[in-house]
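So the sequence lines, in the order shown, correspond to chains A, B, C and D. Just so we're aligned, residue 0 is where the first sequence starts under numbering that gives the first Met the number 0, counting upward by one. Just so we're aligned, residue 0 is where the second sequence starts under numbering that gives the first Met the number 0, counting upward by one. Just so we're aligned, residue 0 is where the third sequence starts under numbering that gives the first Met the number 0, counting upward by one. Just so we're aligned, residue 0 is where the fourth sequence starts under numbering that gives the first Met the number 0, counting upward by one.
Treat the hints as calculated values from the structure; they're not laboratory data. All of these numbers come straight from a predicted model, not from anything done at the bench. Treat each hint with caution, since some may be false.
[Said to hold, decoys possible] Here are the computed lysine-lysine pairs in the DSS-like style, where the Cα-Cα straight-line distance is at most 30 angstroms: (1) C:LYS232 <-> D:LYS146; (2) B:LYS112 <-> A:LYS175; (3) C:LYS43 <-> D:LYS175.
[To be verified] Label-pair restraints from in silico Cβ distances: (4) C:ARG1 <-> B:GLY176: 47 to 55 angstroms; (5) C:ARG1 <-> A:LYS116: 37 to 45 angstroms; (6) B:PHE174 <-> D:LYS111: 47 to 55 angstroms; (7) D:LYS111 <-> A:LYS116: 53 to 61 angstroms.
Using N, Cα and C, we set each Cβ at its ideal position, and we do this for glycine too.
Protein chains: 4
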Amino acid sequence: MRRTVIIEIEEIEFKNPVLIEGLPGLGMVGRVAVKYLIRQLKAKKFAELYSPHFAYYVLIDREGIITLLKNEFYYWKSDHGDTDLILLTGDSQAQTIEGQYEVAETILEYAKKKNVKAIITVGGYRKDIVGTPQVFASATDPETLKKALEAGSLSSPPGSPIVGAAGLLIGLAKFKGINGICLLSETPGYMPDPRAAKSALMVIAKMLNLKLDLAGLDREIERIARIEEELRKMEERRAIEEEIMRKERERLSYIG
Amino acid sequence: MRRTVIIEIEEIEFKNPVLIEGLPGLGMVGRVAVKYLIRQLKAKKFAELYSPHFAYYVLIDREGIITLLKNEFYYWKSDHGDTDLILLTGDSQAQTIEGQYEVAETILEYAKKKNVKAIITVGGYRKDIVGTPQVFASATDPETLKKALEAGSLSSPPGSPIVGAAGLLIGLAKFKGINGICLLSETPGYMPDPRAAKSALMVIAKMLNLKLDLAGLDREIERIARIEEELRKMEERRAIEEEIMRKERERLSYIG
Amino acid sequence: MRRTVIIEIEEIEFKNPVLIEGLPGLGMVGRVAVKYLIRQLKAKKFAELYSPHFAYYVLIDREGIITLLKNEFYYWKSDHGDTDLILLTGDSQAQTIEGQYEVAETILEYAKKKNVKAIITVGGYRKDIVGTPQVFASATDPETLKKALEAGSLSSPPGSPIVGAAGLLIGLAKFKGINGICLLSETPGYMPDPRAAKSALMVIAKMLNLKLDLAGLDREIERIARIEEELRKMEERRAIEEEIMRKERERLSYIG
Amino acid sequence: MRRTVIIEIEEIEFKNPVLIEGLPGLGMVGRVAVKYLIRQLKAKKFAELYSPHFAYYVLIDREGIITLLKNEFYYWKSDHGDTDLILLTGDSQAQTIEGQYEVAETILEYAKKKNVKAIITVGGYRKDIVGTPQVFASATDPETLKKALEAGSLSSPPGSPIVGAAGLLIGLAKFKGINGICLLSETPGYMPDPRAAKSALMVIAKMLNLKLDLAGLDREIERIARIEEELRKMEERRAIEEEIMRKERERLSYIG
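Isolated chain A (complex conformation) (with noise of 0.2 angstroms):
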C-alpha cells in the first residue's frame, strides 16, 4: 500500500452508470448525504479504497476490528432499467496537495473502467444560515450544468473556490471525458449539517428522477436542532458565569 490502490470485492457491471461522490469535508454534508442515499437504497459494497495519502491513524468499529482508512464504493441498480448508481463515500480525505491529485485519478481511472458517465461531488458551502440551505452548483459544462439548475440548484458566485475532492474530482473528470457536476449545500459547518444534505439530495433527487424518502434525515434534522439548542444553553450559562467570575475577581484585586 504504498500508493493508492482500488481492492474490488465483487465485479459488478454498469450501463453509463452515475457516481455520486460524499466524502468528509465541511459540515459533513456530501459524506451525510451519500451515507443516506446508501441506508436508503439499500445500496452494497463492491470496492473499497486505500492509500498512503489519508492521515496516519487506524479506526476501531463496533466489534473492536481495526481497519485502516479509506474510500468505499456502494453500487444501486434501478428496478426500472434506468440510471445505475455508484455510491463514493469514507473516512478520509488525502491530507497532501499530491495526494489530493492521486486519489481523484484513481477515483477516476476506475470510474471510466466502469463507465461512469457523469459524476456529481457534493459538498459545503459555508454560511450562517436562517431556513431551508440553498443549494449551489457548478460543472464540467453548460449543459451538465443547466440540468442542476433545472433541478432547482443556484449558480455558484464566480471565483469561489472549491477545495479538496468534491472540486478537483470535477475539475480532473474533463480530462477524462466525463460529465460532472458540483452542488455545494449552505451550512454553518460547524458539526455534520443533515439540513444542507437534505437540500442537496432534493436536487439530486430531481435530476435523476429518483423516489426518495428523506424522512428519516428530517428526524436526525430534529436530532441535530435539540443539540445546538443545548449547546446554546450552555454557552449561555457559561457566558453568565464567566461574567460573575470576572466581576469578584476585579473586586478581590481592588482589595488584594
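Starting from the structure of chain A, add chains B, C and D where the hints point.
Positioned in the frame of chain A, the structure of chains B, C and D alone reads:
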C-alpha cells in the same frame, strides 16, 4: 495528472521568441503586467500547464464551469517580423519546494522546445513607496543584465532573495542555455498593484522595442487609488470608534 | 538510504514467531514495555531498520559514537520449543504520512518473510488515571481479539482512532494475512510510563503464556513516582511565588 | 534538476582526501569556519551541488547575476604531499526530511568516488557562553573519536541530538565505510559566530597538522563584538523608553 503536464491547444512555430512570465506573487505585479500585455496585444492562448503541486482547490468561472488551477501560455507575433512573444500567466504557483522545481523545469523544457531565446520574469519588491515604483533587474549574465539596465531598470541590491517562479526560472534557465532577466517592481504588496506593473511594462516595452498603450493601466491605477482611499477612511473611523469604546469600557469597569 | 531499508545482522530462522512492537509514542508505553522485555528475556538484536522518513537528526551514544535514528529487531527463542518472539523497538516513528505507510509496509514485508504468525502492538491511551492502568484491545479479527480479552484486556471504545505505527501495522497486517492485536494502556502521557507498560506486559504474558519477572518495572514505577512528587511540589511552590509577585506588581502599578 | 545533482567544474584526482563540511546552521559556525579555510588556503572550487530540496528562492550576487541556491566543493592540495582537503560549504541545507537524506547520500556517494577517507563536519552547540567556546566531538567509531579528543575537543554529552547535515553525514558515512567526526562549537547562535568557528578550526588544524593563520578570524571576532555591544546599548535604550511610555500610558488612562 500525477506529474506536471503541458497540454498544447495549438502547435505554433516560433523563431527565437521571448517568454515573459507573470504568475501570482507579491502585489500580483507579474500577473497584472502579463495579463495587461495579453489584452493589449490581443495575444492568443496556445497551451495550458497543470500540476499536482498547485493548491488542491478548483475555481468556478463566470459561466459556472469548474476549472483546475492552471498556468496559461499565450503568443503574439509581431507584424514587422521582429521578436515573437510567449506570455505566461496563471492561477497559482506550486505549493511545495519540490513542486516549484518540477513546474519550473517543465516550463523551461517547453521553452527550450519552442526555441525561446530569452526569458523575462516579473515580480514585486516589497516597499512602502511614494511616487513612481522603481524596477530592479537581475539576470543570468552581465550582457543580458546590461540590456535591462539600459531600458531604465536599476541594479538589484545584492544578497536579496527572489522567492518563487520569478527567480527560479532565471536561476534554472542558465542550465538550459537560455538567457533571462528578472524584473522586480516596488510595491507595498497589499493588493493587485497596477502602478508596479506599469513600471515593469515600461522597462519591457523599451527593451523589446514594443509600442504599448498603457492608458488602460492608468485607469486601473486610479480605480485602485480610490479603493485605497476608501480603506484608509474606514480604518480611521474604525480607530476612532475603538478608542471611544475603550474609554467607555474603562469607565464602566471602574463603576461595575 | 533513499528508501526505508532493513539491514540484517544475523539470519535467524523462526517457526511462526510473534512480533511485539513498541515504538516511541504516547507515554512511551510501547517502548518501555518492549525494552523491558528485551532486557528480561536477554533477547538478541538481529536486524536494524533505517528510513529517510525519520526525523533528520542523529544521536550520540555514551561512547560518543553517532548513530542514525533506527528501529531494531530483537529475537528470543523459548526453551520449551513454544512460540519464538521478535521484539521491535527504536528511536523514532516516520515523520510524514507517506513515511508512516512506507515504514509499516517494510516491517510487514519483513515479518511475512520471517513467517510471523501474529503481531502485537503496544501503545498508550490518554487518561488521567488513578490506580492500575487498564488495557484496551482491538484486533484484525474477532477470534484474535477474543484471546486478548481473555488475557485481561478490555474492549476498546469504538470510533477512537489509533495514531501511528501501533494502529497502522495492525490495519495493514490484514492485507498480508497476518493476525494482529493492538494493546493500548491508560497513561497520562506526560513522561515515560512504566505503570502503563506493566499493565500491557501482564496481558501479553498471559496471552503468550510467558513467565515474566516484573520486579524491575516496579522499581522503575517507584522512581517515576518520586519524580512526579518532586515536580508536583515544584509546581506548588512556583504557583505561590507567582501569586506573591502578581500582587506585588499590582501594588507597584498603583504607586508608580 | 528534479533530483539532487553534482556538477563537476574540474575533474581532480585525490589520494585519500579529508572532506570538511560547513553548511548553514546554528550560529553559522560550520559555514564561517569552512569559508575561512577556503580563503586562507586559497582553495579552488571544483564542483557544485544543486537540489530541488533547497528553499525555493534564488540569490542575486554583487554583479546582479541570479544564482540558484547551491552547495560548493573546493579543494586544497598540501605542498608536502600530505593530506588533501575537500571543503564543502554553501547557501542552504535541504528543507525537508526526505531532502536531507537525499542530499547527504549524494554528497557521500561523490565523496566515495573521490576516495575520501574521512569526513569532518562542523556545527554549533547552543550555549550562552562566557570566554572561549568549547568544542564537542562525536564520531563514527572510537578510534576516530580519540583523534578529535587528542586535538583538544571534549566528549559530547550523550543523548543530545545533532540536527541536519552535520550529523546526518556522519551517521550515513558509516554505511559507506568512511570515518567521520562531528565537531560542535559552543555558540549563542544569534548571528554568524567567528569565535565558535575559531575554536573548531583550532581542533581541525591540530588534528590535520595544518598551519593556519587565524588572525583574520580575530579581526572578525572584534567586528562582531562591536556589533553586539551596539545592539546591547540599543536594547537598553529601547527598554528605558518603553518603561517611560508605559508609565505615561498608565497615568493617561487614570485621567482619560
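Evaluated hints:
| no. | hint | result |
| --- | --- | --- |
| 1 | C:LYS232 <-> D:LYS146 | 46 angstroms, violated |
| 2 | B:LYS112 <-> A:LYS175 | 27 angstroms, holds |
| 3 | C:LYS43 <-> D:LYS175 | 25 angstroms, holds |
| 4 | C:ARG1 <-> B:GLY176: 47 to 55 angstroms | 30 angstroms, violated |
| 5 | C:ARG1 <-> A:LYS116: 37 to 45 angstroms | 43 angstroms, holds |
| 6 | B:PHE174 <-> D:LYS111: 47 to 55 angstroms | 25 angstroms, violated |
| 7 | D:LYS111 <-> A:LYS116: 53 to 61 angstroms | 57 angstroms, holds |
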